[in-house]
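Enquirer: The residues making up each chain are set out below.
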Amino acid sequence: MLHMMTETFESDRERGLHDRSRQKANCGVGVLVDLDGDGGHELVEDGLSLLENLDHRGARGAEENTGDGAGILIQKPHDFFADEVDGLGAFDEYGVGQVFLPRDKQPDELQALIEAAAADEGFDVVAWRDVPTNNDGLGETALATEPDVAQFFVKPQADVGPEELDTALYVLRNVIESRVEAQEPVGSERFYICSLDRRKVVYKGLLTNGQVRTYYEDLGDDRLETSLVFVHSRFSTNTLGAWELAHPYRNMIHNGEINTLRGNLNWMHAREADLESPVFGDDIGKLKPITEEGQSDTAVVDNVLELLVEGGRSLPHALRMLVPEAWEGNDRLEDARREFYQYHSTINEPWDGPALIAYTDGYDVGAILDRNGLRPARYLVTEDDRLIMASETGALEVDAANVKRTDRLEPGQMFYVDGDAGRIVPDDEIFDRLTDEKYGEWLDENRVTLDAVEEAVAETPTYVEQDISKYQRAFGYTLDHVERLIEPMADEGKDPIGAMGNDTPLSVLSSRNKTLFTYFKQLFAQVSNPPIDYIREETVTSLEQHLGRQHNLLGETAEHCRQLGLDSPILTRAQQAKISAIETNGIRSATVDITYDPETTSLAAAVERVRREAVDAIEGGAEIVVLSDTATGPDRVPIPSLLAVGGVHHHLVREGLRTHAGIVVESGQPNAVHHFATLVGYGADAITPYLAYETIEEQVYEGVIDVDREDALAQYRHAVEDGLQKVMAKMGISTLESYKGAQIFEAVGLASDFVEEYFEGTENRTEGIGVEQLEADVLDRHENGFEESVAGNLDLDQGGEFYWRRDGEFHQWNPSTIGKLQHATNHGDYEAYEEFAEMINDQTERLQTLRGLLEFDTEDRESIPLEDVQPVEEITQRFFSASMSFGSISPEAHETLAEGMNRVGGFASTGEGGEPTERFNTVRECADKQVASARFGVTSNYLANADHLEIKMAQGSKPGEGGHLPGEKVNELIAETRSTTPGVPLISPPPHHDIYSIEDLAQLIHDLKCSNTDADVHVKLVSEAGVGVIAAGVSKAKADAVLISGHDGGTGASPKTSIKHAGLPWELGISEANQVLLENDLRSRIRVRVDGGLKTGRDVAMAALLGAEEYGFGTAPLITCGCVMLRKCHANTCSVGVATQDEELREKFPGDPEFVANYMRFIAREVREIMAELGVERMDELIGRTDLLAQKDVDHPRAEHMDLSELLWRPDTDEDPVKTREQNHKLDEKVDYEFIEAAEPAIESGEDVEIEARVGNEARTVGTILSSEISKAHGEDGLEDDTITLDFEGTGGQSLGAFLASGVTLTLTGDTNDYAGKGLSGGKLIVETPAEAGYEASENVVTGNVALYGATDGEAYFNGRAGERFAVRNSGVKTVVEGVGDHGCEYMTGGIAVILGETGKNFGAGMSGGEAYVLDESGDFEERVNTEMVHLEALEERDRRMIRRLVENHARYTDSDRAAEILDNWDTYVEQFVKVMPDAYAAVVEQRLAEGEDIRASPPPKPTTTTFPTEGDD
Amino acid sequence: MTERHPGGYRQHRRRPIGKRDPDERKDDYDEVWAEKWDDEHLAEQGERCMDCGTPTCMGGCPIGNIIPDWNDLVHRDDWKRALERLHATNNFPEFTGYNCPAPCENSCVLAYNDDPVTIKSIERAIADRGWEEGWIQPEPPEQRTDYEVAIVGSGPAGLSAAQQLNRAGHHVTVFERADEIGGLMRYGIPDQKFAKDRVERRVDQLREEGITFETNAEIGENVPVERIEEDFDASVIAVGSQKPIDLPLPGRDLDGIHFAMDYLTQQNRRNARKDVPGPDIDADGKDVVVLGGGDTGADCVATAHRQGADQVVQIELLPKPPVERPPENSWPDQPQTYKKTYAQEEGAIEEYCVDTNAFVDGDGDGVVDTLEADRVIWEEGGEGPPEKKVSEANLEIPADLVILAVGFEAPESSPFEPLGIELEDDGTLATDEDMMTSVDGVFAAGDADMGPSLIVWAIGSGRDVARHVDLHLTGETDLPPSLETPNEPLVQ
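Taken in sequence, the protein lines are chains L and B. So for the first sequence, my numbering puts the first residue at 1; every next one is plus one. So for the second sequence, my numbering puts the first residue at 10001; every next one is plus one.
Okay, chain L solo, but in the shape it has when bound (with noise of 0.2 Å):
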C-alpha cells in the first residue's frame, strides 16, 4: 500500500472534467551498472551525467526551472552512512528508509508513529538523519510543494539473516503506510517514503534532471559509492506536488505506460483475498491493500513486482509473469518457453502497455521490454566492464574503443544482470532456469479445453419458430442491428465500414430507447501511448485466455492451471452447452438466471438476487458461473447483460471471490461488436449470443444471406473477434487477457452513484440515468416485444442509428438541413442560413448534443449594439476546415475548401496526403500542412511551405485507427502527391511510429519546428476522459496549438463501431482540456482549437465559452459544396463529386469556394449578434467564460437527470485563458545554424561547401532547419547532390538528418539514436562504425528504431543494424543496412532497403510497395516475413546489378567490413539474396511493363570521390 500526497488533488476532486488519478508520463530512463562490482563514486557521477544527456526527453512545467521529476537510485552507501550514522553495524545488519516530511510543520508525529511501527514490527530506529537540500534555482511550483527530505535507519531487534531483514524491512513500510493513512498525523499530505531498504535508496524529488545533483548534497560527496545506478528522467502531463511521482520508485523506473491499468487493480484486489506465503506467513495482512486507487502507474507495477520478488519468485521469474513475450501467436518458441507462459497465464493476467521497465533489488538488474518493442533501451559493454543501457545511446560518452558490444533490447525481451556473477545473463539462460518441465505436466493433467469435453451439442435455434421477433424486439434489436450489422458481419467476415461520422444524439439525450451498452463510449490511446496495428502486427495479438477458478498469486501448484482454457471469448451453442454442463477435472459451472418478473421485482432487486446466486454458486464449488437470459419471455424480463455483467464482476472482486470463478454470459442481447466489447471490458470471459446466432440462421433460412449456415455463424464470430481486436488495439492492448475487466471505457449520462455501484471505476462525469430509468427503458423493450403486433407494422424498428430513417433516430444532417444549408450558401441567403441554425441551434422540442442544454447567461449581461462588436472578417479569421485528405475527397472539393477558407482569412488542411506543389503559394492552397502516420507527401519543401503544421494524433470518427486507400483510389495525381505508385493501396497505420509516448510527440514537435520555423506546430487530438492531461502534455511538448475534435467528425471510412462508440463530444474534451491548462499554468502557451460537429455561431459561441480559440469545420463546409450525406465515400461512388478520385463523377462536383465562405461569413455574423446579446466586443473576452453558461431545464426522461456543472468548473486562477506567450522552442540554440552560416555559398550559389563537426545525442533534429533553408530557396528539387557536406563525429541525436532535403549529404562517425532519416527529402544519410570500435560493426546496433521513417527520396547507408522499424512507410529512399530489428521496412510504399544481415519478425507487413533485398545467409529469412502483401521472389539480373551498386556504395561510403566481404564474394552471396516484393505492386509493375513503362527504381548513382570520409578522417 501507498500513501500518496494528495492534499493538493483532493480539494479539487470534485471540481471539473478531469480525474486526477489519470496522469501521463512518459520519460528518459537510465541504468548503470559495474559488472564487476568494484563500484565508486564515479558511477554516480556518471548516471547524473547521463541524466543530464536525457534532458530533453524530461519535461517542465509552466516554469523553467521546475521539471516534471526526476531522481537516482543507488545501492546503499554503507561507508558513507557507516561515517555519517553511529551505530549501524554492517552492512547487512540496517535497513535505510528515505523519506519526504512535511516541510515547515511539525514532523514529530510523524517520526513517532514510523518509531511506533518500527518497535511493533520488531525494529529500532536507530537514527533519523536530515537530508541536506539546496533548493536554489527550483520553480515556484516545485517550491510550493517541496518537502524535507530525511533519512532513518532501523536495525532489527532479534538477530535475523538478510533476506529475512528484506522481508521485515517491506513489511515494515507497508505497515508505515496504512498507519499513516490510517491515522492521518500532522503532516501527512506530504509524506512519502522513498525508499526502505537493506540495500538500497532512492533520491529524487520534482527537479529538472540537472538540478538533481545540486540539490542533494550527498550525491556530490565521494564517499558515496555504488555499482548500480539507476536515474530517469520525467515528462509527465501534470507536475501538480509531485514530488513523489518522480522515478525511481523504490525498486525500479519505467518509462511508458500501462494501458490495462484498471484491470489490472481490479483483479489484483480480487486476488488479494487468496494471497498467502510462507515467506510472510501472518503479516501478508499487513500488506493488504497490495495497491491502492490513485496512484500512478508505475507505482502500482512497483507495489506488484515488489510483492512477487519479496513472496519468493525470482525477479526475472516475477518480470516474466507479469510482461510476458508475444508467445501465444509464435510458433518458433520452444515448448517448455510456451508451457511456462502459458501455465502463468493462468495466474495473472499480462500488464499491456509500451513499457521498457528496469528493476533491481539492489542487486541484480531486470529489464523487460514490452511485446510490441514500443520503447526505446539502448545498452552497451564497456571492455571495463561497464554496463550502460539507457533511452538513448550516446547519452554517457565512451570512447568507442572501450565499447566491446553495443545492442538494444528487443520486443518482449528481457534483460538481465546478475550481480553475483558480474555479467549479463543471455535471454535463454535465463529461460533455462524459468521453465520446468513440471510446468507442462501440470498443464497437460489439468487444464481443460472444450475439445475434450464430451456431449457436443449442435448449434440448435431456439426461438426461429417461436417469432424470433419478439424477443428480438425485448432485447432491444432494430432493423439497423439485423440488417446494418449482424447481416454483413455473418455475410462477410467483417464489421461494416461506414462514412462521415456521428450526427445523433447521444443516448442520454435521444428520444428513443437504447440499451445500456451505447452509454459507454470506448477510450483509445493517443500520444502518451500508440494505439497498434492488430492487423499487420497480429503476431502480438492474442484473445486466449483462461477461466475458472484461479489460486494464490504467490504460489505454484499444479491445481493452479485446472482451469479452462478457450481460444476466443465468442463461443458457440455447441460449447455453451459443455460449459453449462462441464463436470471434468473438478471444473464445474453453475447457471444463474439474469431474467426476472417485474411483477414481482425490481431490476435493481433481481441484480442483487443474481449476485447472490453467483456468490452462493461459487462458495459451492462451483468455477464458471454461467450469467444466463435464455429464460426471457413474455413473463421474464432479461436484466440488460451489461448491468448483470457488471454488477457480478464488481460484487465478486469486493468479496474477494472473483478470481474463484470464471463468469460467462449467455444472452440474447449482445450482437455488435461494442456489445461485447464492453462485456468483455466489465470482467465477462467469454460470451454466447446465442439471439445473434439464430437471427443468423433466420436470415440464412429466409435467403436474405446467401451463405451456409456453419459459415455464416463462424463468419459472424470472426468479424466479432476481429472488431474486439480492434476496439483493443485503439487502446494498445494486445491480449484479451488484459482487456477483460479493464474498464477502457467512459460512461456519459449515466448517474454517479449507479456506476459507483455496478461498473465501479468508470469514468462518469455528466450524470445521467440511474437504475429506474434504466429499468422503465427495459421493460418499455420487454413490453414492446411480446404485446400482440399490429398486422402490417414491421417487426423491428428501423432504428435509423446509422442512415437517417423517417422512423429512426434523429441526425443533425438531415433533408431538411443539407437542402437549407446548400440553399442559404449557394443563394448567399442570410435568411434561409438563420432557418437552418435555427433547426440546429433550438432544442427544446429535440435534443441534439450536450450544448443543446446550455444556454448563454445573460441575466447579469448588458447587450450592446452589433456595431460594437468586432468584424466578420476578424472572426472569420479564427475559421480553418478540418483535415480531409487529399485523395479522400476530390482534388476539386480539396482546393474548393482551401480558396474558401483562404478568401475569408481563416485557413485549410491538407489532410493526410500532401498537397500537389503547385498549389502552393496560391489561393488554393492549405496553410494548414498535415502530418499524419503515413506521413504521405511530407517533404522538406512540404513542410517549409506551411503556416501550420498539424500533427494528426487522432481523428474523431475513428481514434486510435489507422486508414487505408484502396489502390483504385490512388490515381496518377493522388500518387505523386504522396509520392507512391498509382493503383497501389496505401495503408496508414494507427500509430505514428514516432510517437510512443508524450516525449517522443516534443520530440516531433521539435522535428517539424526545424522543418520550417516560421510555422505553428499544432497536435490533433480526440476528445475522451483524460484528454487534458494529454493537453497538458502536448504544451509541455512545446506545441504552438493543440486540436480537441469532437468524436462526431466526418471521415471517408471508418469502422461503424468506431463511428458511434469511440470518442466524445468535444464539449468535454475542450472544457476538460481547458481546465486542465488552466490549472498547470500551461493555457497562455498554447491556442485551443475545437473541431468536430460545429455547424452555426451558436455553437462557435459555446465553444468559445468553454474555452476554444478557433473553431474548425469539416462536414458543413462539404455540404455547401454538394456533399448531401450519401455516406458512401469509401465506395469512390460520391454521386456529386465530393468523396471520390473518379474522373467522371468529379466532373458533377458542384461546390465553389465562395459558398464556403458564405457560409463561414453566416456563422461569423450569427456569433457578432450573440456577442452583442452578451455585450462582448473581442471574441477573446468570450474565451473560456463558463460563467456566462448556463445549464438549461428540460423535460426529457433522461437528459433531465444531467449535471453539467463540472463542464462548467472553471479554475481559480490568473493564467490567461487565451495563448498570449510563445513557446520557447530553443531554436537559437540550433547548430543548424552554424552550417546555414557556413552554407550560404552553397545555397545561394551551388558552390560545393564541407562542414566538420563533432555531436552528441543532446543535438537533436540536425541538418533540418538547414534543409528548410534549402527547400525555401530551391524548392523540390533542392541542391544538386552533395553541395553540402557535413562530416560528423560521435552520437546522433534523435532524427538526425530528418527531411534532409537533396544536396545535403550527412556523414556520422558513431552511431545514432531513433528516427535517424526521418522524412529524407533528397538527401544522403550516411552512418559509419568508427574503425577503432571493439566491436564488428555488422553485429551492432548502429542506429535506433524507426530510421527512414516516411523517408521520400534520397540515400541512406547504415554500418551496422538497426532497431525495429526500419524503413517504414518509405516511398523512395534507397537504403543499406546490415540487418534490422522486428517489422523491418512495414508499411514501406516504395524505394529499395538492401538488407545485408538477420531480420525480426513482421517483415514486409502492410508493405505495398517498393523493393527490398535481404541477405539471408541462415535461410529462414521466410518464417519472419509477414506475406499478408508480400511474396519472395527469385533475383533477376536487374535485382544483381541494383543490389551490386548499392552494396558498392555501401562500401564506398561506410568502409563496411560487410559490404568487402560481399564484394569480395560476390558469386556466392548474390544468390543468397532473396527478393521481398508486394503483390499490389509487381501487379502494377508487369502491368505498366507490358505497356513498355518500367516504374521501378533504378540504382543509384556511384559515390564521387569526394564526398566520404576515409579511415583519415578520424
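Treat each hint with caution, since some may be false.
[Claimed, not checked] Listed below are several chain L residues computed to face chain B (Cβ distance under 7 Å; list not exhaustive):
1) Glu788
2) Ala791
3) Val1124
4) Arg1127
5) Lys1148
[What the hints assert, rightly or not] Non-contacting residues of chain L with respect to chain B, defined by C-beta distances greater than 12 Å in every case (computed):
6) Gly89
7) Arg103
8) Pro132
9) Val279
10) Asp399
11) Thr1186
[What the hints assert, rightly or not] So the derived label-pair ranges between C-beta atoms look like this:
12) L:Gly1175 x B:Asn10329: 38 to 44 Å
13) B:Asn10329 x L:Gln1487: 24 to 30 Å
14) L:Asp1479 x B:Pro10326: 52 to 58 Å
15) L:Gln1191 x B:Pro10326: 41 to 47 Å
16) B:Gln10336 x L:Glu845: 25 to 31 Å
17) L:Leu866 x B:Arg10010: 46 to 52 Å
18) L:Glu845 x B:Arg10010: 37 to 43 Å
19) B:Asn10329 x L:Asp1479: 49 to 55 Å
20) B:Pro10326 x L:Glu976: 39 to 45 Å
21) L:Gln1487 x B:Arg10010: 51 to 57 Å
To be clear, the hints were calculated from the coordinates, so they are not data collected in a lab. All figures in this text were calculated on a predicted structure; none of them were measured in a lab. All C-beta atoms in this analysis are idealised placements derived from N, C-alpha and C, irrespective of residue type, glycine included.
Based on the hints, put chain B in the right spot on chain L.
Expert: Showing chain B alone in chain L's frame:
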C-alpha cells in the same frame, strides 16, 4: 451486405415502367400505363438506388416510405419482403404506385444532378407483384376491442384510417354517400389513370378483415349525423374537399360549362355501366376548353380526347413553368418546372398566361361557344406578389364545352354542422394537434382536414388519425405514425 450497390446508378440509366404509346391509348379507357414489366428491368432500376446515408426520398415522401430498403429488396429479387416493407408505411401502395406524382423522386439524391431512381415504378411493381402472387391477403386482427369507430368517407384517407383502426382491433364502419366505396379513387380519377378493379380488390380485402362498409349512406341525408356521435366511440370525418372553385364570370350560367368532377364522374360511371345522373356531358365532336392547368385539368383533357373532341384547349392563367429548376428553387425542394402531362402527350393545345374574361354564347342557343380572354404577362413587382398585365386583349377561343378544373375550396362540412363542428378560415375542419375536431371523439383526416392534396397525403393522414383515435380510445397505441414520423417530411 456492407454496401448495397453504391455504384449501381452508374451502370444503368433511369428507365421507368412508362406508358402506352399515346396514339394507341388515347381512344380507350384502359390505363395509360404500360401493362407489363419484367423483374430484370426493375432489379436494375432498384440497383440504381445507392442506399444513401440520408435518403432524402424518404423525406420527400409524405408517408415516409422506406424506399431504399425496398429498392434493394427488389434488386435482390426478394419481392415478398419488399412488399412487407412497403406495406409497413403505405396501406395502398398501388394507389400511389400508379397515381402519385412521386415527390420522392424529385427528392432522390440522384435528382440533385442526375436522373432519380424510378421509385414510383418500383413501388407499382411491388404492389402488382404482391397481388399477382396472392401475397396480399386479409389480415384480420387477432384480438378485438369493444370500441366502435365510424369513418365518414371512403377515399384514401378514410380507407387507410379504417384499415389501421381495424388492425388495432376496433370495430370499424365506413359510411360512403356514393354507391361504391373509394371516393375520388373510384369516381374522381379517370379509369385511364387508375383501373377500378384495383379499388375493388382493396375493398374486398378490408371487408374480409372485418370492416363494415355502408354505401349510399349520406350523413345528414339518410344517416342522421347524430349517429356518428352516439353510436360510435369515435369517428373520423374524411369526406375530402370536394367543393369546387367556381369562376363567376359573365356567361357562367350558360349551358356547356361544367365542373371537372361532374364531368369525370360521369365518364367513370359510364365505363362501369352504371346509370349516369343528370344530363350527359360529352365532348364528342366539340371544341373543348379546360380551364385549369393542374392534374384534374389534365384528366379532363384526356377524357375529352377519349370522348372524341375535335379540339381540346387547356388554359392556365399562370405562366408556363421553366423546364430547368430556377436557382431559388433548389433541391431537395419540389421542382417548380414544366412537365408534360399524359393528357398533353396525347395531343392538346396548352395555353399559359391566359386570363378568361367571359363565356360567350355567340349563337344564342343558351350554350357556350366562345371563351373571351386576355393574354397576360406576369411582372415581378417589388415587394408584393407578381402582377399581371394584359399583353394581348380579347382573344377568342372556340368552346362548345368548358370544363372548370381550377381547384377545390373546401370540404362539404354542412352535414356536420349540427354537431357544432368548427371550421378554419379556409373552410377545412378545425382540428387540434391530435387531429380531433372541436367535437370530442370526432376526428378529421385527409383533404377535409388539410385541404385539397394528393392521395399519398390522404393515406398518411388516415394512418395518423387512426393512431390518434386509438390513443384516444385506449390510452396507448402501437399504430405507427405516418406524416407525423419523428423526423418530419420535407414537403409540408
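Enquirer: So, for every hint listed, does it hold in this structure?
Expert: Each hint, compared with the structure:
no. : hint                               : result
1   : Glu788                             : holds, 6 Å
2   : Ala791                             : holds, 4 Å
3   : Val1124                            : holds, 5 Å
4   : Arg1127                            : holds, 3 Å
5   : Lys1148                            : holds, 5 Å
6   : Gly89                              : holds, 75 Å
7   : Arg103                             : holds, 62 Å
8   : Pro132                             : holds, 69 Å
9   : Val279                             : holds, 57 Å
10  : Asp399                             : holds, 62 Å
11  : Thr1186                            : holds, 33 Å
12  : L:Gly1175 x B:Asn10329: 38 to 44 Å : holds, 41 Å
13  : B:Asn10329 x L:Gln1487: 24 to 30 Å : violated, 48 Å
14  : L:Asp1479 x B:Pro10326: 52 to 58 Å : holds, 54 Å
15  : L:Gln1191 x B:Pro10326: 41 to 47 Å : holds, 45 Å
16  : B:Gln10336 x L:Glu845: 25 to 31 Å  : holds, 30 Å
17  : L:Leu866 x B:Arg10010: 46 to 52 Å  : holds, 49 Å
18  : L:Glu845 x B:Arg10010: 37 to 43 Å  : holds, 40 Å
19  : B:Asn10329 x L:Asp1479: 49 to 55 Å : holds, 52 Å
20  : B:Pro10326 x L:Glu976: 39 to 45 Å  : holds, 42 Å
21  : L:Gln1487 x B:Arg10010: 51 to 57 Å : violated, 24 Å
Figure legend: structure checked against the earlier numbered hints; hints not met, in rising order: 13 and 21.
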